[in-house]
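Chains as they are written, first to last, in our numbering: chain A, 1 to 347; chain B, 1001 to 1347.
Hints were generated in silico from the structure; no laboratory data involved.
Backbone N, C-alpha and C define an ideal beta-carbon position, used for all residues, glycine too.
Where hints are given, some of them may not hold.
Restraint ranges, calculated between C-beta atoms of paired labels, are given here [stated by the list, open to error]:
(1) B:Ala1068 x A:Arg176: 56 to 62 angstroms
(2) A:Glu35 x B:Arg1091: 16 to 22 angstroms
(3) A:Ile184 x B:Gln1058: 33 to 39 angstroms
(4) B:Phe1073 x A:Pro268: 39 to 45 angstroms
(5) A:Asp235 x B:Arg1152: 52 to 58 angstroms
(6) B:Gly1346 x A:Glu35: 20 to 26 angstroms
(7) A:His340 x B:Arg1091: 20 to 26 angstroms
Covered by chain B, per the in silico footprint, the following chain A stretches (three or more residues, Cβ under 8 angstroms) [to be verified]:
(8) 113-119
(9) 230-243
Protein chains: 2
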Amino acid sequence: MSQFGTRFFGHEWYRLRMTSSPLIIDNLQYANWSEKIFRQMHEGGVSAVHVTIAYHEQFRETVSNIEAWNRWFELYPELIFQGFTADDVKRAHSEGRTAIIFGFQNPSPMEDDIGLIEVLHRLGARFMQLSYNNQSLLATGCYEAEDPGITRFGKQAIAEMNRVGMVIDMSHSAERSTLEAIEISRRPIAITHANPHVWHPALRNKSHAVLSALTKAGGMLGFSLYPHHLKDGTDCTLESFCQAVADAASAYGAENLGIGSDLCQDQPDSVVEWMRNGRWTKVLDYGEGSASNAGFPDQPEWFSCNLHFGNISEGLSKIGFSSSEVDGIMGGNWLTFYEHAFQPEGA
Amino acid sequence: MSQFGTRFFGHEWYRLRMTSSPLIIDNLQYANWSEKIFRQMHEGGVSAVHVTIAYHEQFRETVSNIEAWNRWFELYPELIFQGFTADDVKRAHSEGRTAIIFGFQNPSPMEDDIGLIEVLHRLGARFMQLSYNNQSLLATGCYEAEDPGITRFGKQAIAEMNRVGMVIDMSHSAERSTLEAIEISRRPIAITHANPHVWHPALRNKSHAVLSALTKAGGMLGFSLYPHHLKDGTDCTLESFCQAVADAASAYGAENLGIGSDLCQDQPDSVVEWMRNGRWTKVLDYGEGSASNAGFPDQPEWFSCNLHFGNISEGLSKIGFSSSEVDGIMGGNWLTFYEHAFQPEGA
């Protein structure tokens, strides 16, 4: 009983502390999960994290990843729990815990079976990329030479994701496929983790055409803190990052912007190999890296873990955002998006 | 929009009709599901049915069966929806619909993986038999020559089912395994579909020792209407059936009794072959039947479909049950059981 006593005492203490703090949401992380990281989320006041639970995993492998998360939820209930709804995120905020929201960077968990979309939504999946770097059954990835757009299966999958309340994520998809997904989807979509191409012309960053169409349709852009997406990479300054956010806010509206840090904290380099190569190639693909720079790049010193969101909100204030705009970008905008996007259509 | 108009009009009409009708729950059916049967549930005023969605299916096959149900839920929302909680059953009753509650007659869907119990609970599984007729990884079935009791894995599975709120069902299990499951489980268990051995000494019916231990621990017995479980089989009279319920009420308390009809309406005989033989034998096993009587037996004429629950409640009244006892046996007792059994432990 003393364990419960401590836990509830902890909640109460954090509830008092947290309700006066703005709500922070990071809409993409893929860390090497541990109690240390869950404690950092807690101490950093992060109320929700959209976590990647599948890169190339098939359905059954994805379920095994869910089982691993269930074990963490059982072991660390004072720190984390599974989030299914916007209300869960509000509850996490009021209790000083972190709602963990599942998502996939590839449609591999649904295999070739449209019925799995609803099953996976029931299990908590709320974001699914229609393609990772390669062509998928649904759409084209940003590393393909040709982009024929959304496939026949892709159109059916978009309709089904719309119906059940699973968000279409085009972070790693190619230009035409992305524009078509925005057009075809009856509900706003997301680019959970990428930056404007105009700021840093990486292949993974997004064109004005994409960002304009995305946000005009009510979609969200999550700003990435992954060095390959940042101007000057690891040496990117906080000021430069915040200026990029400010420029995007001028172009597309601050209410359509949030954070999707792409934080891969504590991951060994074998994991970035898995992300890039899955089981599809015997010839090593370096993705955004190169043979001489194959591993995870170092994070900028002002954002390396969940304790550092305060640096970003300070930077955004300094660059001239109002306090309500800062609160929106740091979490409020994703929360509003969740409120509409996670429920079945018409609910 | 006219479709919705009709649907809500239908709801309203049935809500008025249904709220004055007692709540009926059938805690086991395995019909050849069709719109016809869903309409019979609706017209028969059945507020919840626990449906078998796996006999010998592995996890992925069970998920495919869930996908088929999801499609029915999408096609017939005015008739059925998935039930996860006792509140869902109350809502079904007030709306004149039927809550469909998933369960397994075998632990095959969880394979050898304890983490799948929580995943399957999330997908809606609320009952799981620890064994069908044979030895399983967890317990012994009633057709085995030896019953060594609950296995090492079985003890872990019981603890996990208790934790997440999945009911242990011992309908097809052997005597010692059943008594041990009742003893080991921290929460009441169920025998969803079987009858007292003293009334009809079939191998599948349950001894006084089992029924006494089951009900003393707060567990439920669902009376079966499957002819092989009935005295005089297809020719069993309604009076004989109701007398068996009355005798059980005297011995174990009316509040621990309900219906689990085992209705296999419209199934072809190939299905009873699957139920009995799965993939485990090349030599045909006839289970409760025989080579000369291998198929599904005919139902008694007073109970052959979901329109006939009124016959049973009338029979129970005639045999001397009070009207509140009849309401309990026809659904109220299962509803009370659901209220406690379907939630995670401590919730």
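These are the hints, each one checked on the structure:
A beta carbon spacing of about 35 angstroms between Ala1068 of chain B and Arg176 of chain A contradicts the range 56 to 62 angstroms that was offered as a hint. Between Glu35 of chain A and Arg1091 of chain B the beta carbon distance is about 40 angstroms. The supplied range of 16 to 22 angstroms is therefore violated. Checking the proposed 33 to 39 angstroms range against Ile184 of chain A and Gln1058 of chain B shows it holds: the Cβ atoms sit about 35 angstroms from each other. The given range of 39 to 45 angstroms is respected by Phe1073 of chain B and Pro268 of chain A, whose C-beta atoms sit roughly 43 angstroms from each other.
Against the hinted window of 52 to 58 angstroms, the Cβ-Cβ separation of Asp235 of chain A and Arg1152 of chain B comes to about 56 angstroms, which satisfies the hint. The hint said 20 to 26 angstroms for the Cβ distance between Gly1346 of chain B and Glu35 of chain A, and at roughly 22 angstroms that hint holds. Taking the beta carbon of each, His340 of chain A and Arg1091 of chain B are about 24 angstroms apart, inside 20 to 26 angstroms as hinted. With 5 residues carrying a beta carbon less than 8 angstroms from a beta carbon of chain B, the stretch 113-119 of chain A meets the three-residue requirement, and the given coverage holds.
Only residues whose beta carbon comes within less than 8 angstroms of a beta carbon in chain B count, and the stretch 230-243 of chain A has 0; fewer than three means the coverage is violated.
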